[in-house]
Amino acid sequence: MTTIYLDNNATTQVAPEVLEAMLPYLRDLYGNPSSMHSFGGQVGRRLRLAREQVAALIGAHPEEIVFTSCGTESDNTAIRSALATYPGKRHLVTTRVEHPAIHALVAHLAQEGYRVSEIPVDGEGRLNLEHYARSLTPDTAVVSAMWANNETGVIFPVEEMAMMARHKGILFHTDAVQAVGKIPIDMRQSAMDMLSLSGHKLHAPKGVGALYVRKGTKFSPFLIGGHQEKGRRGGTENVASLIGLGEASELAAKNLEKENTAVKNLRDKLENALLSLIPNSRVNGDRQDRLPNTSNISFEYVEGEAILLRLNEFGICASSGSACTSGSLQPSHVLRAMGVPFTMAHGSIRFSLSIYNTEPEINFVIEKFPPIIEELRTLSPYWEVGQEVCATRDFGGV
Amino acid sequence: MWEYSEKTLEHFLHPRNVGEVENPDGTALVGNIACGDALKLTFKMDEDGKIKEAKFKTFGCASAIAAASALTEMIKGMTVEEAEKLTNQDIADYLGGLPQEKMHCSVMGREALEKAIAHYKGVPVAETEGKVVCECFGVTEPEIERVVRENNLKTIEEVTDYTKAGGGCGGCHEAIQEIIDRVRAEIKPAAMLRPKLTNIQKIKMIEETLEREIRPALRQDGGDIELVDVVGNKVMVATRGACASCAAVHLTLKDFVEAKLRELVWPELEVEEVSQ
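Protein chains in written order, with this note's numbering: chain A, 1 to 398; chain B, 1001 to 1276.
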């Protein structure tokens, strides 16, 4: 059975070019980039190129890039550094819909005695900027807001938010793990101080990430050890994968337009077809300011895990914000923050596409998906044929 | 991804007895959409006082659908008295075990059955009338008590896996712990009153329990088990037939075989699989 992979916000295929670039550094060129011999030195030079490639993708200087092991490490480093360098400040601002890398971290920090403000979102997943402005205080050490939401793809106005923070002398960090490679990013034009990105979301392997730290920003390392990364992150570099991250960054820059045309068109085709073929379905999140590859659709009166396992029978990979798949007993915190009603939240499916998806694949999903919902609805005690169609109801924020 | 048994997946992909029985003798709806799963069970009796027909409708995940499908298959042909004895563990065993976090699906099945039987008899269900302990999922004190007792639960986490109670805001954790402590305090003295067994008595009782309680259930699924040796509290067994090639056999050994032996023979027994 062939796999139709529509779960690219979870992880992506390593691009063939990326793998090619990595292989020599897994086989023959195994030197340590910090060594004093040329066998290691050549690896160091190649790593420098990778750093330049990553920097180029987001409009940064190479020395502003700190390589890490993943997006979560980048996030932890950024927040911990901000708190360590402004020890007098005891307040953080974030949003209610962050990835667990931030969400769980700030919950932990709250237990350590920090004050945390989480900015709410509306029914479309849009941030309440007035609330945000009110939350910035002289005691605020750092703001951390995701650039794009991993579940809905909704894009936050981070540039505007960063300007507001800068005016008040507050550091601004963005978790851009889902945004990098999908929308244009230029840190030269930005007021943001720190940005996290992850390799495996943009066709590099798992286990590498980067943190952008603007030149002049006070910094305190998270991993303390050797002099790697100019003392900003100890530990021997994951050389081959970082070279992969560099290649993937160069590829992402080349494919950015494709992401916003071909991929977006396929996403729209899938979304519009499912909405029109399946009654009582709706998109979660603002359809305007949204990543071009992501579609989060709720199907009323059915449960997400059941949908996923039926899709699995056809080799179709997607994900869900239902309770059964979230690892807790409640549906995703993002959908709950948006006030998505329970009848809808448990039946949410996220499709996230990549440049490797094809039109025949999307057609296949459009063919197979509606009967799955229909069948699961015949199983559901809440579903009656001819029920009121949800589009006529008000599902505004609760 | 959850590690579902083949039988669970099979019942999920091809659920039996979907729908509602016309003019049912017993009917019940348990769970609700906010909690993420619900089960509507209907059944009809025949002239001999046996369940003739049973159907279900489920809103929920794969294991919730499979548990409901299994339940309807299991109760067909049973008398009400037989059906009343069915436990959530029986449903889980029928499916070749459920992941720990999904045990609440089997509990939902048992609750639906109980409520439908109560409806048939025209009597109220005791469990649903008690004080609500978990506000998030609407779980009552008698419900938690019963599940703790029947499944020998020891931690809040286990109670959450079986009933969902405590899986929301967490505000009821203290109350759940009190229930666990109370029930376990009741169970313990009873167990401690047991006279010490000699090794020979123990082996005999293990053999009898295997024969009477365990092997028939395993054989239903084409599997079997043999006692190899008993050393102290370690019970060495070998699996046969479908069990020998079943990915979920460890679950069955732990959650079913060991649990039964602990209940009926000696509370400190440990079951170990040996190849022979």
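Note that these hints are calculated values from the structure, not bench results.
Hints are supplied without guarantee of correctness; some may be wrong.
[Unchecked claim] Taking lysine-lysine and the DSSO-like style, the derived pairs with C-alpha atoms no more than 30 angstroms apart in a straight line are:
| no. | chain 1 | residue 1 | chain 2 | residue 2 |
| --- | --- | --- | --- | --- |
| 1 | B | 1204 | B | 1085 |
| 2 | B | 1076 | A | 368 |
| 3 | A | 368 | B | 1196 |
| 4 | B | 1076 | B | 1260 |
| 5 | A | 218 | A | 230 |
| 6 | B | 1076 | B | 1131 |
Numbered hints the structure breaks, given as an ascending list: 2, 3, 6
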